[in-house]
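Residue numbers (my numbering), protein chains in the order written: chain A, 868 to 1322; chain B, 259 to 467; chain C, 110 to 659; chain D, 255 to 358.
Keep in mind that the hints were calculated from the coordinates and are not lab data.
All values derive from a computational prediction rather than experimental measurement.
Honestly, I wouldn't trust all of these hints.
Derived pair list, reagent style SDA-like, types lysine to any residue, alpha-carbon separation capped at 20 Å [claimed, not checked]: (1) A/Lys1007 / A/Gln1192; (2) A/Lys940 / C/Ser468; (3) D/Lys326 / D/Ala289; (4) A/Lys1258 / C/Met180; (5) A/Lys1018 / A/Asn1005; (6) C/Lys464 / A/Gln1161; (7) A/Lys1172 / C/Gly259; (8) A/Lys940 / A/Met930; (9) A/Lys1018 / A/Val1084; (10) C/Lys653 / A/Pro943; (11) A/Lys1248 / A/Glu1059; (12) D/Lys326 / B/Val440; (13) A/Lys940 / C/Asn656; (14) A/Lys1172 / C/Thr185; (15) A/Lys1007 / A/Pro984; (16) A/Lys940 / C/Pro621; (17) C/Lys464 / A/Ile931; (18) D/Lys333 / B/Tyr276; (19) A/Lys941 / C/Asn656; (20) A/Lys1007 / A/Ala1094; (21) C/Lys653 / A/Ser949; (22) A/Lys1258 / C/Gly583; (23) A/Lys1260 / A/Ala1270; (24) A/Lys1273 / C/Thr185; (25) D/Lys333 / B/Glu290; (26) A/Lys1258 / C/Thr185; (27) C/Lys464 / A/Asn1005; (28) C/Lys464 / A/Lys1172; (29) C/Lys464 / A/Trp953; (30) D/Lys333 / B/Asp275; (31) A/Lys1147 / B/Glu388; (32) A/Lys1147 / C/Gly257; (33) A/Lys941 / C/Ser468; (34) C/Lys464 / A/Thr927.
So, partial list: chain C residues that the calculated Cβ filter (under 10 Å) puts toward chain A [what the hints assert, rightly or not]: (35) Gly264; (36) Gln368; (37) Lys400; (38) Pro401; (39) Ser466; (40) Gly570.
Backbone N, C-alpha and C fix where the C-beta goes; we use that ideal spot for every residue, glycine too.
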Amino acid sequence: MSAPELAANHTLAAADQAIATAGQAVATAHPGNLVNAVAAVDNTFLLIFGISAALLLLITAAMIYFVIRYDRKKHPVAADFSSNLWAEVIWIVLPTLLVLGMFWSGWHSFRALRDAPAGALPIIVTARMWSWDFEYPNGKHSGTLIVPVGKAVKLSLTSKDVIHGFFAPAFRLKIDTVPGMTSHGWFRADKEGEYVIFCSVYCGLQHARMTSAIKAVSQEAFERFLAEKPAAAGHPGKALLDAKGCLGCHSLDGTESVGPTLKGVYGSTGVFVVPGGKDKHEKKLKLDEAGLKQVIMEQRPWRVKGFEPIMPGYADQMTPEELAQIIDYLKNGDEVGKTAGETATPASTATPEQGRDLAEAQGCLGCHTTDGSEIVGPSFKGLFGKPSTAKDKAVVDRAFVEAVLKDPAARLGRPSSMPAFPDLTGIQRQQLLLFLESLGSTHGKAPAMSHEAHQ
Amino acid sequence: MAEHAAPNAPASAHPKDYHAAKMGMWLFLFTEILLFGGLFLLYASYRHRFPEAFHAGGQTLDVFLGGLNTVVLITSSLSVAMSITALRRGELVRCLWLLGFTIACAGGFMVNKTIEWLAKFHHGLIPGSEHMLALPQGQGVFYGLYYAMTGLHGVHVIIGGSVLAWVMLLIRQGKVTAQDYVVLENAGLYWHIVDLVWIYLFPLFYLIS
Amino acid sequence: MDQTDHPAGGLTSRPFFGPQGSGGPGDKGTGLASWIFSTDHKRIGLLYLGVIGLMFTTALVLGLILRLKLMTPGSTLLTPQQYNAMFTLHGVIMVFMVVIPSIPASFGNIFLPLHIGANDVSFPRLNNFSWWLYVTGMVLAITSIFTGAGAPDTGWTFYVPFSERTTTNVSLAVIAVFILGFSSILTGLNFITTVHRLRTPGMTWRKLSLFVWSLYATGWIQVLATPILGITALLIFAERVLHLGLFDPGRGGDPLLYQHLFWIYSHPAVYIMILPAMGVISEIIPVFARKPIFGYNMIAFSSLAIAFAGSLVWAHHMFTSGMSDTAVLIFSFLTFVVAIPSAIKVFNWLSTLYKGSISLDPPLLYALGFIFMFSIGGLTGLVLGAAGTDIHVHDTYFVVAHFHYVIFGGTGLGMFAAMHYWFPKVFGRMYDHGRAAWAFWLVLLGMNVLYFPMFIMGLQGMPRRYYDYLPQYGSMQMVSTWGSWLLAVGLALMFWNLYRGCRYGPIATRNPWGGATLEWTLPTPLPHEAFEGDPKAPEPYDFKGINPDG
Amino acid sequence: MTDMTDTKNAHEAQHGPLSYRFLALVWAGLMALTALTIAAARVDLGFLNVAAALGIASAKASLVIFFFMHLKYENRLIKGMVLTAFVILAIAIGLTFVDVGYRY
Ligand code: HEA
Ligand code: HEA
Ligand code: CUA
Ligand SMILES: [Cu+2]
């Protein structure tokens, strides 16, 4: 966003606050803005649900009672009255008072969700089909939102293409990301842990898969994370493909999804369609350095044959260095990795710490915890040695994990919401396994029942 | 609310109920007003957002052509109104002439409009074109609205003209007469709405800048 | 059919679905043409009932398939694209082709003129034309599934910029929506004029049945709000085809303005859906309690109040959209204001039951089901109207649950209630009461098992329009799917029972329920020309001296 | 409300056709207002320019509605309906500005 735009936004936000005096009053009633937005929202829920339940009970009970009590057989002649001033006044006034209370409570909690405390950590959120990008004050980017625990975080959200919605249920926070506009929201994670992020606004094919996680970590861990150079593991170009959202549409394993696969794309010849009514024709382009640069960076009207024109131009979001790294990756692949899987890589080159970062970057920790608690999948803690949730109840070992990573549904013998990670390099798999092993192993304990529950 | 009741139409046929026909037409006109209303809503919002761009855009429109079209439409409104008087007085020939004149005005309006649009196209202001894309923020929206609103209005001019032509035919066939003129009246109402919309479009696009 | 061979006896004229003339030259017979070009409001009502029923069944099956897919997480049964297209079609068909026309176009067409003592609507030919528009829109919408680059996949809300970008056949679908809107406008226009012009002498405004009042209020929403839908649909079309760029953020366009336009129509539209159903309930309850409706004035007035205030709350669908906080304040407040007239109606219905003489026949069962389901749906609407809580549950299954409760539990049950109430008058036969009650309980149970878990999932954060979900929602999704099967059984039983009744049921009498409105003074089934001369305006809720036949 | 004045007297006794002369006068008024609005646009009145243009347009619209469209001679019911339609449109635009006006 340009500077003047930013300034305009600020003045408007200020004007808005001034106008919404009602809300201001509430906010100032809590000096230092220690409002706990989640609690405020939950209180409103309780209030409305409480009143509603009482009313529903009353209405239903009355209905049933009347039908039984005044059954035609017992009560052949109906009373003859058709109005009663007092009764009618009561059920105009009473609901009015009730709804006004609900309105006020709702507005109060809304303000709590809106008014970010001063000094909140600013983070820029960019949504795009179908992944999230989080930018920290020092310019670092990531695909999961890492925040320090106990500190308020202020989000400025926008979108590259269509409208998406940033939804973090744990914080009762939901705000649409609209292209060409910046919206705002804030939250504070009071406990360390992982919290899911959904995309709430329908945005096309992979809307349901546009999930990520908020990870609340200690202040120190957060600073360490900020200081870290990106892509500690693997080829930097590959990390970039993830960070820039390419992998939201392109695979690396030869399968076609929204866009063509990037496997072997370097050096191939792309067939493109140049639109333009009657002048529509095809053109071929060799996808070498120059070709790829054009295809990736330009907002081009000509499109790969057979695909939809949805790929954005990246000129304004990618530096030449980043592009060079991506092209290098597409050209050479992860040489180390390619061989590593088969010929035993010296385990010494992989460390559990790297594995942890990887698990985070790949989103594993969005579904699996390290503390024994369960969010989506079984916890990683003490995973090794446990009977698995697979159909055959195999005990978790290295081979099992590798198989699951390759194709969860196949190995588990049932549909799974876990995505496959077929393109992890050998060294990355080593790192992950080391990390998992570092979390200890369980022997002979009861199997985790989570998945059976809803089979 | 009225405490006395509606006169009921005789049960058998469906006799013409003058008031019902009129009321129905007015209700229909409301829908036209609100159809354009949606665009006026957009206009107001965008104008509020991009005052400069709307200013700049407005200056590229030709007040003379717009003004001319205003005169044409107002005059055609007059001739329709007169044609009703003529019909009710039984002056059939005059009525037909007046209607013919109105339709000619509709044609003139469209010719004028076409000239204006073609000139815009000539300047590269074609919806969806590179040139439009390159315009400063807000101006693209201005021209988008210009095309949408004058375009929709143009469609209404064509419909209105056709309806009047059809009514002329009915008058010739004696199906619309000095006693039974509600069809002409309703067609006239429709034509006036077309004029009414233009009365607002003209200052909003050509004058306020 | 000769009048004498109808055993109901005492028939003075032929049933409207029989041949029209006397076999002479002007006889229109009973052929297809005599139906689809008919200007008889009763025939048009049945025509509507037919096509709406067809669309309803289609969309129900789509809903059933959605549930089947959602039974398990992961990409099963449907590809993501198929799922997206399917909920879009389910929504578009249900909203624009089923619930919006439902009661007004079918039973409204048949009984509004009769309730006011008229023999037809003001513009019978326009009435027939509006049916044709409906059919055109329907055909176009269905064509859009099979032509172009695939079925539309935008959701029934057609939000920009997605709807501008997607390559699926959205352009044709929005044109269909435009035409369907036109059809709805013409129905509303016709009803307003009819109520003003064709009331029988003595039929004052305060003697109008509440059904007529509700249709009158609905008519106004149809006339004043639907054009905005029209322009919205045209704009999407123009954006896609002509690239005007009115909503394109790249050129300064504002996608939120699209949402404003869309909801300026589509919120009032939910009252187009519910008001006629409320009218039906206001008819049924007094008849089966044999007691004058309680608070006539308040109910009639609250219909107008809902119609008016309902036009002022549209942006409560946009609390998270990024619109200004001031707008959130005002629209949240106004939303709560609209809840009050609905509350008034519910309490008045209850008071009508109080000290009545109640006979729990199928129509009343469905009506009470309506009150129960609508209360749940409406009360959860309050959760959505409160700004803070809406932020959490917006675009989650909570909303999906809310609107299925109000639409299906409300309008749907209202429609079923109307079907069971007027069935004998329209078809001249009676369905099996026991089976109707069984079907009712199955439907009620099915609906609740189907939709209640959605509230819980929504509170837990399950977003809507997801073809896949996290396993933690698995058990609720599973229960919900079971519910859909229960419901399917219930509905199938209900439809089958009505079908049986229509073919083989016992011949119905003139006034089987003891209703006091004018249609019950007419022969059963209804004759072509209802009234000879102007009937005397009755007191619609005065049951003295009126007893159920038999 | 007098929506139900008897059909007969409603449309017969109401009024005869408007005279050509009168219509021409209305037309002259419209032309004059058109000239006025063009002239007003040439002077820079700042914010008043918008107000003037819309004010004059509304005056013209009233002339068309009341005389050309005979609204003046319709019963109160129709007048009320027309008012309702315009009020609803005004409310829709006005309420949209609760958002638009405070957002940008
Ligand atoms: C028949 C259709 C219908 C009806 C009648 C209603 C009725 C109401 N609706 Fe609903 N609504 C929809 C159909 C309907 N809705 C649909 C389809 C959507 C989703 C659109 C989409 O996004 O796809 C939606 C979404 C929706 C939202 C947006 C949610 C979101 O996306 O975040 C909101 C927010 O305010 C809302 C509120 C309400 C309210 C307050 C009422 C009120 O009118 C309810 C009033 C009723 C009662 C209050 C209950 C009865 C009264 C009593 C039991 C007495 C006691 C009452 C009191 C004390 C108040 N609805
Ligand atoms: C009238 C309105 C209406 C009705 C009745 C229904 C009925 C149903 N709906 Fe519908 N639904 C909507 C309107 C409606 N829906 C709308 C507007 C949306 C939003 C779309 C969007 O997001 O854009 C939606 C979205 C929606 C979703 C959310 C999709 C998502 O967000 O991912 C789901 C998911 O479960 C769903 C399911 C169902 C089910 C299971 C039924 C069940 O009630 C259906 C049960 C099916 C049967 C019971 C079949 C019965 C069979 C027969 C009756 C055959 C017998 C016939 C004869 C003998 C003639 N609907
Ligand atoms: Cu992104 Cu939904
Ligand atoms: Cu709403």
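Each hint tested on the structure:
1. A threshold of 20 Å between alpha carbons decides the hint, and for lysine 1007 of chain A with glutamine 1192 of chain A the separation of about 17 Å falls inside it, so the pair holds.
2. Restraint check: the Cα-Cα separation between lysine 940 of chain A and serine 468 of chain C comes to about 8 Å, which is no more than 20 Å; the hinted pair holds.
3. Simply put, lysine 326 of chain D and alanine 289 of chain D have alpha-carbon atoms about 25 Å apart, too far for the 20 Å limit, and the pair is violated.
4. For the suggested pair lysine 1258 of chain A and methionine 180 of chain C, the alpha carbons sit about 19 Å apart, so the restraint of at most 20 Å is met.
5. Our distance criterion of 20 Å between C-alpha atoms is met by lysine 1018 of chain A and asparagine 1005 of chain A, whose separation comes to about 17 Å.
6. As the CA atoms of lysine 464 of chain C and glutamine 1161 of chain A are separated by approximately 80 Å, the hinted pair breaks the 20 Å bound.
7. As the CA atoms of lysine 1172 of chain A and glycine 259 of chain C are separated by approximately 17 Å, the hinted pair is consistent with the 20 Å bound.
8. For a cut-off of 20 Å, the pair hint linking lysine 940 of chain A to methionine 930 of chain A stands: about 17 Å separates their Cα positions.
9. For the hint pairing lysine 1018 of chain A with valine 1084 of chain A, the CA-to-CA distance comes to about 10 Å; that is within 20 Å, so the pair holds.
10. Of the pairs offered as hints, the one joining lysine 653 of chain C and proline 943 of chain A holds, with about 13 Å between alpha carbons and a cut-off of 20 Å not exceeded.
11. The hinted pair formed by lysine 1248 of chain A and glutamate 1059 of chain A meets the criterion: a straight-line CA distance of about 16 Å does not exceed 20 Å.
12. Annotation: proposed proximity of lysine 326 of chain D to valine 440 of chain B holds, straight-line Cα distance about 17 Å (limit 20 Å).
13. Between lysine 940 of chain A and asparagine 656 of chain C, the direct Cα distance comes to roughly 15 Å. Compliance with the 20 Å bound is thereby established for this hinted pair.
14. Annotation: proposed proximity of lysine 1172 of chain A to threonine 185 of chain C is violated, straight-line Cα distance about 28 Å (limit 20 Å).
15. With a C-alpha separation of about 23 Å, the suggested pairing of lysine 1007 of chain A with proline 984 of chain A is violated against the 20 Å cut-off.
16. Taken as a hint, the lysine 940 of chain A and proline 621 of chain C pair is honoured in the structure, with Cα atoms around 17 Å apart against an allowance of 20 Å.
17. With a C-alpha separation of about 13 Å, the suggested pair lysine 464 of chain C and isoleucine 931 of chain A falls inside the 20 Å cut-off, and the hint holds.
18. For the proposed pair lysine 333 of chain D and tyrosine 276 of chain B, the alpha carbon gap of about 17 Å is at most 20 Å, so the pair holds.
19. Using a Cα cut-off of 20 Å, the hinted pair lysine 941 of chain A and asparagine 656 of chain C holds, with the two alpha carbons roughly 17 Å apart.
20. The hinted pair formed by lysine 1007 of chain A and alanine 1094 of chain A meets the criterion: a straight-line CA distance of about 9 Å does not exceed 20 Å.
21. At roughly 14 Å between alpha-carbon atoms, lysine 653 of chain C and serine 949 of chain A fall within 20 Å of each other, so this suggested pair holds.
22. A hinted pair counts as satisfied when its Cα atoms are at most 20 Å apart, and lysine 1258 of chain A with glycine 583 of chain C qualifies at roughly 17 Å.
23. With a C-alpha separation of about 14 Å, the suggested pair lysine 1260 of chain A and alanine 1270 of chain A falls inside the 20 Å cut-off, and the hint holds.
24. Annotation: proposed proximity of lysine 1273 of chain A to threonine 185 of chain C holds, straight-line Cα distance about 19 Å (limit 20 Å).
25. For the hint linking lysine 333 of chain D to glutamate 290 of chain B, the alpha-carbon distance of about 17 Å falls within 20 Å, and the restraint holds.
26. Pair hint lysine 1258 of chain A plus threonine 185 of chain C holds up; C-alpha atoms about 18 Å apart against a cutoff of 20 Å.
27. Using a Cα cut-off of 20 Å, the hinted pair lysine 464 of chain C and asparagine 1005 of chain A is violated, with the two alpha carbons roughly 73 Å apart.
28. With a C-alpha separation of about 74 Å, the suggested pair lysine 464 of chain C and lysine 1172 of chain A falls outside the 20 Å cut-off, and the hint is violated.
29. Between lysine 464 of chain C and tryptophan 953 of chain A the CA atoms are separated by roughly 18 Å; this keeps the pair inside 20 Å, and the hint holds.
30. With a C-alpha separation of about 19 Å, the suggested pair lysine 333 of chain D and aspartate 275 of chain B falls inside the 20 Å cut-off, and the hint holds.
31. For the proposed pair lysine 1147 of chain A and glutamate 388 of chain B, the alpha carbon gap of about 17 Å is at most 20 Å, so the pair holds.
32. A C-alpha spacing of about 18 Å is found between lysine 1147 of chain A and glycine 257 of chain C, which places the hinted pair at or below 20 Å, so the restraint holds.
33. About 10 Å separates the Cα atoms of lysine 941 of chain A and serine 468 of chain C, which keeps this hinted pair within 20 Å; it holds.
34. Among the hinted pairs, lysine 464 of chain C with threonine 927 of chain A is consistent with the structure: their alpha-carbon atoms are about 16 Å apart, no more than 20 Å.
35. The beta carbon of glycine 264 of chain C comes within 5 Å of a beta carbon in chain A, closer than 10 Å, and the hint placing it at the interface holds.
36. Interface restraint check: glutamine 368 of chain C against chain A, minimum CB-CB distance 9 Å, threshold 10 Å, status holds.
37. At its closest, the beta carbon of lysine 400 of chain C sits 4 Å from a beta carbon of chain A; the interface hint therefore holds under the 10 Å criterion.
38. Checking proline 401 of chain C against chain A: minimum C-beta separation of about 4 Å stays under 10 Å; hint holds.
39. The beta carbon of serine 466 of chain C is positioned within 10 Å of a beta carbon in chain A (closest approach about 4 Å), and the interface hint is therefore held.
40. At a threshold of 10 Å, the smallest CB-CB gap from glycine 570 of chain C to chain A is about 3 Å, leaving the interface hint in force.
In terms of the numbered hints stated before, the structure departs from hints 3, 6, 14, 15, 27 and 28, listed from lowest to highest.
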